[in-house]
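Protein chains in written order, with the numbering used here: chain A, 1 to 238; chain B, 1 to 183.
Derived by calculation from the structure, the hints in this document are not laboratory data.
Mixed in with the good hints, there may be bad ones.
[Claimed, not checked] Derived Cβ-Cβ restraints for the label pairs, each shown as a range: (1) B:142 - A:78: 51 to 61 Å; (2) A:27 - B:145: 16 to 26 Å; (3) B:163 - A:66: 39 to 49 Å.
[Stated by the list, open to error] Among the chain A residues that face chain B by a calculated CB cut under 7 Å, a handful are: (4) 45; (5) 235; (6) 236.
[Unchecked claim] The calculated SDA-like cross-link candidates involving lysine to any residue, where the alpha carbons are at most 25 Å apart (straight line), are: (7) B:34 - B:84; (8) B:170 - A:185; (9) B:8 - A:13.
All values reported here derive from a predicted model rather than from experimental measurement.
We put the CB at the ideal spot given by N, CA and C, even for glycine.
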Amino acid sequence: MSDRDLQIERYLQGEMSEAEKVQFEQLIAQDPELGEEVSFQLGVQKALWNEDENSFRSELNRLEKDQKANLQRRRFWMAAASIALFACIAGLWLFLPKDQNELFQAYFSPQPNIYQPITRSAGESSTLNQGLIAYEKGDWKEALRHFSDLDKSEKPEFVILYEGNCLLALGDFSMAKQALDPLLTSQDGTLRHRAGWYWALAQLNLGQKKEAKSQLEQLTEEEGPFQERSKELIRLLP
Amino acid sequence: MIDPKWVKALTGDELGLKELYSTFRTPFLSFLRKTGINEDEALSIFHDTLITLRKKAIQGKLSEVKHQFKTYLFAIGKYKAYDLIQKEGKRGWMSISEFPDIEDREDAEDKEDLDENLNLIQKGIRQLGNSCQRMLTLFYIQGLKIKEIQEKEGYENENTVRAQKSRCLKSLKIWLEKQKTNE
Chain A
1 MSDRDLQIER YLQGEMSEAE KVQFEQLIAQ DPELGEEVSF QLGVQKALWN EDENSFRSEL
61 NRLEKDQKAN LQRRRFWMAA ASIALFACIA GLWLFLPKDQ NELFQAYFSP QPNIYQPITR
121 SAGESSTLNQ GLIAYEKGDW KEALRHFSDL DKSEKPEFVI LYEGNCLLAL GDFSMAKQAL
181 DPLLTSQDGT LRHRAGWYWA LAQLNLGQKK EAKSQLEQLT EEEGPFQERS KELIRLLP
Chain B
1 MIDPKWVKAL TGDELGLKEL YSTFRTPFLS FLRKTGINED EALSIFHDTL ITLRKKAIQG
61 KLSEVKHQFK TYLFAIGKYK AYDLIQKEGK RGWMSISEFP DIEDREDAED KEDLDENLNL
121 IQKGIRQLGN SCQRMLTLFY IQGLKIKEIQ EKEGYENENT VRAQKSRCLK SLKIWLEKQK
181 TNE
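Excised from the complex, chain A in its bound form (with noise of 0.2 Å):
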């Protein structure tokens, strides 16, 4: 081993001081011999700090590569244990007996207001019409109200179905009932149909189910928009 290429050791792993750094740097560019093996030997240090780059940027590619397949693996069981989940769930509540609270708020909705639709016409003043407006924005509270004070001769047979609507949604079932009663005789089919309907989930609240089911039986020979609810209710009475 001669003293140049212990020199050449000593610079490439910074062992020398300062000023023997300088000199030798001196000596680089004199001896073109020199400069060129040191270049070299840059070059080899360089090349395999390249050589080791790229092996180990394949190494990360390959880890993210199964970081990314165990991401979608996850996401998938994720999404078929989310579908299964709720697939169970759906198949509970169609199959199982529901509780007859439960029942009613999934198919109790309010009566819409079809009989009278409130026009700009309409005398905004009158009773009635101030207890549909009342109705149709859903203050139930202040549609009775109005009804209530209407006089019984002037009270069309609908509104009676409205009342029953604004008790149910009120949560009064008891009165509800009551207030449907007269309407289950009606001569008109289709509001008698209907009224049978709000009667029936009337029942099913006050734990009558025997009169409930029987009702709605009753609907489902009937030709009406309830007919084909009242077919699925029954199946899933308790």
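Given the coordinates of chain A, work out where chain B should sit on it, guided by the hints.
Then chain B, alone, in the frame of chain A:
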């Protein structure tokens, strides 16, 4: 202080590297996304940062760092993201102050430029036998002294190590010469 297990992970412990990757990948990417860079760029910075840290770990400099590993990793990543944003000059830098600055700013910089000659040397190194590749790695990458290599690899004496290293460099030169002549 850097936990030695992360230094080990970066210098050849495969299982450790796997643990390091899965532990820090998601938090690192989320952290960088706050600066406004996209997922692919954040991932590329994550890999570049680990490469920088591997280099330091091999050189023995990582063990001297006074910060926690996560702090150091994120700080380097932050600078790399900053450089990328500056380079592209199209998005604003959102300041992230949760992590302290690191002293050695140049850690975040990539200076490597592959020229043709370097590429050829790299190919030449691949042609060498395993013992030569190891010898050169120990000396030029890990920066081990000749005495240390002698002890680590069980050589008879320092001169044997120097002779072996010299033979490896000579083989490499011959191979390079041949390539140049063939051109």
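- Message: Hint compliance check: list the failing hint numbers for this structure, sorted ascending.
- Response: 1, 5, 6, 8
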